[in-house]
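Peer 1: Combine both chains into one complex, guided by the hints.
Respectively, the protein sequence lines represent chains A and B. Taking the numbering used here, the leading residue of the first sequence gets 1, the next gets one more, and so forth. Taking the numbering used here, the leading residue of the second sequence gets 1, the next gets one more, and so forth.
Quick caveat, the hints were computed from the structure, so don't treat them as lab data. Just so you know, not all the hints are guaranteed correct.
Stated by the list, open to error - Among the chain A residues that face chain B by a calculated CB cut under 7 Å, a handful are:
id, residue
1, 293
2, 492
3, 495
4, 533
By construction, the Cβ of each residue, glycine as well, lies at the ideal position given by its N, Cα and C atoms.
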Amino acid sequence: MSLLDDVSIVVTPNGYKAGELYAVVPVPSEGAELVTDGDFNSSSNWFEGSGCTISGNQGIFTSAPSGSGFTGNNVNAGIFTIGKRYTVVFTIDSISLGALKIRKPFNSSTTYTAAGTYTETVIATDVDIYIQNSGTTTASISYVSVKEYTAADMDVTRATAATRVDEAGLVNYAEIIGSEEVTNGDFATDTDWTKTVGWTISGGSANCVSGTGTTISQANKLIIGRQYKMTVTLTNYSFGYIGSFGNDFGGVVAEANGTYEVIGTATQTTFGFVAQGSFTGSIDNVSVKEVTRDNVPRIDYTGGGCPHILAEPQRTNLVTYSEDFSNAYWFSSTASIVSGQSSPSAANPTGAFEIIPSTSSGVHKINTLSGSAIPIGGTYTLTIYAKANGYKNLLIWGDSLNAGIGYNLEDDTVFRNASTLSHSIESFTDGWKRISVTLDSTASASNFSAYIYDNSPTPAISFVGDGTSGIDIFGASIEQGSYATSYIPTSGSTVTRNQDQFTRDGIGSLINSTEGTLFAEIKSFISQDLVDPNRYITLTNGTSNERVALLLGGNNNQLRAIIFSSSQSINLSFTINSTDTKQFNKLAIKYKSGDYAFFLNGTKIDSSSETNIFATNTLNNLSLDVGGGTQPFRGMVKQLQVYKTALTDAQLTSLTS
Amino acid sequence: MNIYKLQYDSKAEGDADLLAKGTYEVVTEEGFTQDVYTNGTQAIVYIGQIVEIPGTYDPDGKEITPPVYYPGVFYDLMTTEEIDFGINELFPVDCVHSFLGYEKNAEGTDVDPDELIIE
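The following block holds chain B by itself, in its conformation from the complex (with noise of 0.2 Å):
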């Protein structure tokens, strides 16, 4: 299986290269429009924008400061595929999102299912 993290500057940007490069399709039957993965997707997850300095908030949780973000948004793609995705392909050592029974940092192609520890 195949796991990669992708950052585009905007949503927009990021379904219409996930969409040109054959993860998902939009089909419309009866009436009702989805988006379909197709070619070995798996999963596709708009993570969005990622806080790089949390913001600070009180007891109630009404903001004090706000975050600060990351430039762009962001994506999680699970595949059977290997796809080429060139700049907008990540490599972070810490990620914010992962897939159950996968380790948290898991990335790349061919990745196993992974950790999960008990005590």
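Bound conformation, chain A alone (with noise of 0.2 Å):
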């Protein structure tokens, strides 16, 4: 028999959509009806308020009171649980008067004042059914439905886009893509666009002569407010230039040949371009695609091989310019600054430079123009992509504070170390190198600065550049912390990703309470953090006075296992100090009376026989936190299993080898 038999949530970094990471285990289902007479053919099951009466398969609200509605009564009074998870389903025939609303078994905050069947999935916080009326209400309704729902699926907040690495070793945005929106992008046929003066459709492109304030467009192909991702290929470029409508990306799309992307939210429902200034020229291949990016999950490929969930706090990039380093944010010293190269970004796949030593004898750099790029005072950690072009070793430093790193890019060794807190250098795809170095900036602030090197056994920093070679740069950031966290782009402010939050609350029914086994298998981003020094992972009743939990601890290399009960008197920490937490670790901890233990990769960490449990039906929450949202997750999760069971010693033994 399969340990996954015994399993009742498995999250893994597998499906997701927008503000949701899927679970593997449960799939999602509903339960049996729990409301009878829910199409009121009679009245024994209903208590009718005030103005409310049953009849003709209907309730009706005759000027009912505000306050006044159907509430359940004998088989349905008291027919859920607290704390799960229910789909409430009811249809209003009609409505004239007032609005009508859920009222239990939660107190929803949606009035609904016209006709129509709806839906609202949420956690019941009182054992009854009520439909309310709000104001004095006159209204039918004539179905109401209540199911348990059971799934594991986690809620992920975030409200800003956020970047990975993907499959390919990219840098890319976590993002969701629609279907297409465009018929005949390829304009294979005349069909389908809507022309105006000045546009024809021939040998597969759209194609414009002397146009200004023409459009080529399609109705009906967008929802207002909504975010699209629109590409398309301008080809025989001879003037002018062309705008896209139906979208607030304003302004120039395409003033030369090339391939376009542009990012922008629907302001009318048809979308097309427009040519301005006498635009002479043909475009092909376009493509509009309905594209997500706020709380998309993470699911990140750095370091290849399986992929994990990330989960990361508040950061802001200080780098205002961090792709375009050709910008006067940036000043370079005796060397040239050589734009269009390609890059370990996805989304601005041609959009790294190469700097190039000049050939006279001297510092060869790129730096900040400003002095307090790195304010003064606290902990910061730049990064900057990098790659070999000719040379090969660079230095991030500081000036100011006389502190940095040099790494070669080629076999990745330090050639220079100087007052730095931490360093790293990570590989992605084609070459490049992440290189990112923690300073402190406790007595100076000071410029962000990369050298380049000579070749020589020992690099040294002033020499005579051939006038060719040089060394590729993407991506630049200055975060405060001690650690950095995935890449940020900005182009002229500052920018701030929010953090990662994931919780699921209202799935009582797939915890045990009495007994069972959490299991996780995590990597921290640093060995010892000071600023989050617990990041939890745990079953809780939704506050931390319940809690069954695996963290990082707040010590160096800690991993921690808790069982904590305010009502039961439950008080008990295993700890491990001797693991590096910056690689994956397999966690389990099982809870049973009489039956507690903690195991570590295959390992029986600690026991208890303490013999209180928690009450039956007291956890209902799998969360990133601590419960309730405080001291959350910050690190990556290959996977998380939840048991009913107390899983013996051997299995626990196996699930964490």
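Peer 2: In structure tokens, the structure reads:
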């Protein structure tokens, strides 16, 4: 019999959508109907409030005073379990006055003022059903259904975009791309597009001659307020420019031959292009797809192999032009800066620059013009993507701090290390590396500099370049914090990526409070995090007062398991400090009266014969925090599993090996 | 989503006002004190001082003339709630900070993720 036959929840880096990370187990399902006479063919199981009657298979509100309605009675009374998830469906046949809402088993904030069938899925806070009216109401309802909804898909909240390393090893946004909205985007036929003067379709493209204010468009393609990614290829260009409309892309989309990609929010339902400035040229390969980036969980492939779920803190990139090294934000000395190099970014594939040391003798570098790009007073981590392109030795440095790290980009060896708190080099696709270095700016603010050293066995900072060899760079970042997080692109301002939050409540039916096992395979960003010392993964009652926890602890390389119940006087803590937390580790904690134990990587670390145990139906929440949102997990997760039994020692040894 | 641009005389004043308006609370658990976002707050970003006139620096980044700052300190707040910040709310036209996926100058209530242009 497989261990997985006993598992009630499995979360892996698998399927997802915006705001949700799908669990592998269980498959989402609805339980049996819990409401009797939901079609109102009898009044025996409903209590009719003031102004409310059941007649003709309808629940009728006749100028019912505010706060009245239909409440479950007899077999419809006490049918829910607080803390479980339910799906409520009800149908309003007519409503001419007032509003209706679901008052129980949960107090919904949504009110309905129009006929229709409505569905809400939330957590029960009451045991009864109650359809309530708000304000004096005249209406009729004909159907009420409530079924338990069982799923462990985790809610994901971030409210901003974020990047990750994708399957190809490229830095890419975590995003959901919709289906194609444009018909005949390759202009194979002269159909589907509405053209005004100057536009024609022939030869597999849309062609325009001396167009100013003339358009080519398709109606009813966009939904106002949603984000879309548009791509178009411009050829045969000779004059003017094209803009697009139906969105807030605005201004110039293309004014030279090439392929362009733009993301914007729809402001009207029609999509198209407008020729401006006597535009003369051809367009082809037009594509428009809905794109969603906010709240999309990040399946990250950093390091290759199996992916992991990324859970990061809020961070701000203080570099205001992280990719445009030709901007005046950056200053180069005795070196030229050449754009258009291939980059490690899927979003900006030719966005890298090459720094080419000049043929003059001297120091060859690029740095932020501002001497306070690294603010005074704190711990900051500098990162940059770099690739050897003739030269291989790159020093990342804070001039005023006299601190930084020098890496050989070919063999990852360090050729200079001065006053760093930590440093690392990571390999990406096509020879790209990401250097990061953490510095203390307590004494001084500083610029961010990148120096090219020569290729000699003992690299020298001052030399004569050959005028063609250099080092490619991309994606610079300065973050306050003691470790680097995923890349945050900027273009003209500092930019913040919000924190990732993962939680799933209302799953009491999937968690056995009186015995069970929590298993996680996790990795830390840093050996000891002084800012977020305890980083939790928990089963709780929605608060930290009742919890089964696996966590990265506050001490160096510390892994912990905690069982805590304020109501049942349980306070067990198991700790180990001897494992590298920057590698993936498999942890498990089992809980049962007289049988508590903590396992790590196939070894039983500690145990307890504590006889107290949680009360039945206490635990109903799986979260990447301590319970209630505090002390969130910061790191990488390969898998989470929850069992409704306390596994045997042999099973736990096998599970964590 | 709502994005507010805020200015206060000092960080102490700003932190106190944001706390009083329920955007975050200070929680101490297991001996560790942290600020926890509440009531729909997605992020509070302390920007600090904002440069009005840039300083000048030599090629090594050493300051020649210091920058001139706007008075006070600045915050960006992202929240699902609508909050009246009174005179502390600003409506800048060229912002120095933004949220990833939102237009650089996104500010106000009901803000949508916006424009990224990649050639």
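Peer 1: Which numbered hints are broken by the structure, listed smallest first?
Peer 2: Those not satisfied: there are none.
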